[in-house]
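Using the sequences and the hints, build the whole thing.
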Amino acid sequence: MEMGALLNTLEDPVNLGQGYPDWEPPEFVQRSANEAIRSGFNQYTRTQGHPSLVEVLGSRYSMHMKRNVDPNSEIAITVGCSQALYLALQALVNEGDEVILLEPFFDLYLGQIKLAGGRPVTVPLDLSSSGEWRVNLEALEAKINPKTKAIIVNTPHNPSGKVFTEDELEGIASIVRKYPQLSVISDEVYKYIINDPERDIMHPSEPCTEEMCPPIPPPRHIHFASIDGMWNRTVTCSSAGKTFSITGWQVGWMVGPKDFIKKVHTLLPYVQFCAPTPMQHALASVLRDADRQYEGYDNYYTWLRKMYINKRQRLEEGIKKSGLIPTIGDGGFFIMADAKRLLPLVPLSYIEQAAENNRGVDFAFCRWLAEEHGIVTIPASPFFSSGSPSLEDRCLVRLAFCKKDEVLDRACERLSRVGQQVEDFEKRSQGRKEVLGVSTPAHSQASIAASTAVAGAGST
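Residue numbers are given in the working numbering: position 205 of the sequence shown equals residue 205, and the series is strictly consecutive.
There's no promise every hint is true.
Unchecked claim - Derived pair list, reagent style DSS-like, types lysine-lysine, alpha-carbon separation capped at 30 Å:
id, residue 1, residue 2
1, K427, K258
2, K320, K66
3, K66, K258
4, K404, K427
5, K404, K340
6, K404, K320
7, K178, K306
8, K178, K147
9, K66, K114
10, K143, K178
11, K147, K263
12, K263, K178
13, K340, K427
14, K320, K306
15, K306, K114
16, K263, K114
17, K321, K404
18, K143, K114
19, K114, K262
20, K427, K306
21, K404, K306
Unchecked claim - Simulated restraints on C-beta separations:
id, residue 1, residue 2, range
22, Q181, R31, 15 to 25 Å
23, N358, G296, 48 to 58 Å
24, L267, Q18, 45 to 55 Å
25, G96, E35, 23 to 33 Å
26, K263, P51, 20 to 30 Å
27, E132, R38, 43 to 53 Å
Calculated directly from the structure, the hints in this document are not laboratory data. Computed from a prediction, not measured in an experiment: that's the story for all the values here. Built from N, CA and C at the ideal position, the CB exists for glycine as well.
Written out as structure tokens, the structure is:
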């Protein structure tokens with residue numbers, strides 16, 4: 001919210017903060033929406049989900065889960081994935097129950113857990129010196145007690161971009177098997193956006209020319225509910241907003257065992273009668289069309305993956321030139337980076353202002369980067385609990401690369417200029433040290449001291 005308000009005050013900003021694409025959806029997606037409206041799908045539909053959409057999703061998830069998924073009793077259509085997550089927690093969590101979050105975490109989870117009467121419990125992902133995020137299974141299991149009701153698993157992960165490995169997911173499943181009261185809420189909205197070219201596994205396929213093409217499985221993505229014994233312990237939440245650049249359509253869904261989905265079906269009429277009918281009807285066609293050849297690729301999903309690989313590489317190159325150190329992420333459309341090296345350039349006034357507002361040094365850095373360089377990013381502390389070890393001796397920020405190439409190029413130009421300032425500052429500082437025989441320039445000492453003082457304040 002704070003960075004969004006700041007964005008509106010800037011003269012010529014490059015917005016790498018907000019996590020939605022800044023381009024229009026593909027033509028076949030727009031055509032489906034127009035046809036749905038013209039064909040008369042403009043009134044209420046089935047509360048639990050438009051018939052044509054749940055049929056398509058039932059077919060797709062039957063393949064993903066390696067089991068028959070009943071479209072009418074094991075799927076619920078919601079207003080976006082956010083509502084799917086909200087209803088999952090409402091149906092699952094009772095007053096005083098605990099829900100485990102692997103941090104960093106999508107900050108929406110915190111409020112939704114509390115609205116359900118639950119208590120969020122955080123388990124930090126380990127961040128290695130090479131910048132790789134890893135699940136600490138021992139730390140995860142240590143947080144489980146009789147009050148623990150659920151674990152939220154988000155892969156590909158917002159904000160880090162981490163794609164959980166098969167071993168990590170199997171490890172989480174092995175813990176769940178030990179505790180009968182535990183369920184998993186699996187947030188999988190980025191499952192088709194895998195953007196690591198080195199470890200990308202292409203499913204062999206032939207271009208489809210049939211009227212009905214077989215569903216395309218997401219590469220490298222493992223649906224948690226497909227792991228042995230996890231179907232009855234998992235509710236899968238997802239949407240099409242990120243995949244098709246239609247975040248405003250607000251059509252999401254839940255897939256899970258009948259007994260759980262029945263509870264959600266009961267709740268749905270009390271929160272809205274139905275998700276938008278024309279968007280649901282259109283999406284049924286979109287999901288079928290996406291399995292066909294697109295822009296010279298075997299299907300839309302392959303094109304999407306290659307497009308995001310290129311965008312990630314484009315921005316990551318600019319990030320490195322700036323002096324920011326990116327962490328490793330293989331999916332989604334965010335990069336997290338450590339700005340610690342750049343902190344000596346941030347005037348103390350920014351750091352002091354952040355401290356006065358009980359904000360961490362990451363807020364000071366992001367405000368400076370926006371006001372002085374016109375680059376809007378997101379401070380990472382709201383994605384962590386207060387005092388998280390991941391924030392120790394770091395200044396983490398999140399940058400979105402779901403932007404047009406010309407926007408990313410402008411960002412990289414500005415980041416390159418920032419990097420030149422860093423190099424010039426460090427050369428001058430080194431020269432002063434050699435002349436004066438001191439170990440750290442005064443400006444740097446002051447900035448680091450101030451940042452250390454406020455870093456533990458965090459952000460809520």
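Practice prompt. Return the numbers of the hints above that this structure violates; sort them in rising order.
Written response: 1, 2, 4, 7, 9, 15, 20, 22, 24 and 25
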